[in-house]
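**Student:** Sequence:
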Amino acid sequence: MAGDFAIKRIIEKRTSTVKNKKTVQYLVDWEPSWVPESEVTPNAVAEFERAQNKPIVLGPHKASMTGSDKTKWSWVIQYGDEFEIATYEIVTTTYNAEFIKYCLERMDAN
Numbered sequence: 003m004a005g006d007f008a009i010k011r012i013i014e015k016r017t018s019t020v021k022n023k024k025t026v027q028y029l030v031d032w033e034p035s036w037v038p039e040s041e042v043t044p045n046a047v048a049e050f051e052r053a054q055n056k057p058i059v060l061g062p063h064k065a066s067m068t069g070s071d072k073t074k075w076s077w078v079i080q081y082g083d084e085f086e087i088a089t090y091e092i093v094t095t096t097y098n099a100e101f102i103k104y105c106l107e108r109m110d111a112n
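Read in order, the letters of the sequence shown are residues 3 to 112 in the numbering used here.
None of these hints come from the bench; they were simulated from the model.
Any given hint could be a false lead.
Distance condition first, Cα-Cα at most 20 Å in a straight line; then the derived DMTMM-like pairs of lysine to aspartate or glutamate [claimed, not checked]: (1) 74 / 86; (2) 56 / 100; (3) 64 / 100; (4) 15 / 41; (5) 23 / 39; (6) 74 / 100; (7) 24 / 14; (8) 10 / 51; (9) 10 / 31; (10) 103 / 86; (11) 56 / 83; (12) 56 / 107; (13) 56 / 41; (14) 72 / 86; (15) 15 / 51; (16) 64 / 107; (17) 10 / 41; (18) 23 / 41; (19) 72 / 41; (20) 72 / 51; (21) 15 / 31; (22) 64 / 14; (23) 21 / 39; (24) 64 / 84; (25) 24 / 39.
Have a look at the derived ranges for each label pair, beta carbon to beta carbon [what the hints assert, rightly or not]: (26) 14 / 71: 35 to 45 Å; (27) 19 / 111: 41 to 51 Å; (28) 69 / 40: 46 to 56 Å.
From the three backbone atoms N, C-alpha and C, an ideal C-beta is built for every residue, glycine too.
Generate coordinates for the entire structure from the input sequences, incorporating the hints supplied.
**Tutor:** Right, dumping it as structure tokens:
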């Protein structure tokens, strides 16, 4: 079925057991419907799994902390099991809410 339609994105994942056989299905966005795992491309699954992991700003990358100007530092972002090093500009724009949360947590700790 998936070969006949372009999957825009995966909306949700569920597992079910029928007659002691576990199956995985994905709710996909073309005309939302549940489809078996075998009908979903690995790329679509990877994109869905990454989107499920909300980014967390872990803090400045130690190797970049050579001066007191925080705008020159690199920052570590975590998505589930994956990590990314981002510039201050990227962190304060793309991850603004997460960056603010990081800063507020540090202020509360002091």
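**Student:** Hint numbers the structure violates, sorted upward?
**Tutor:** 13, 19, 20, 22
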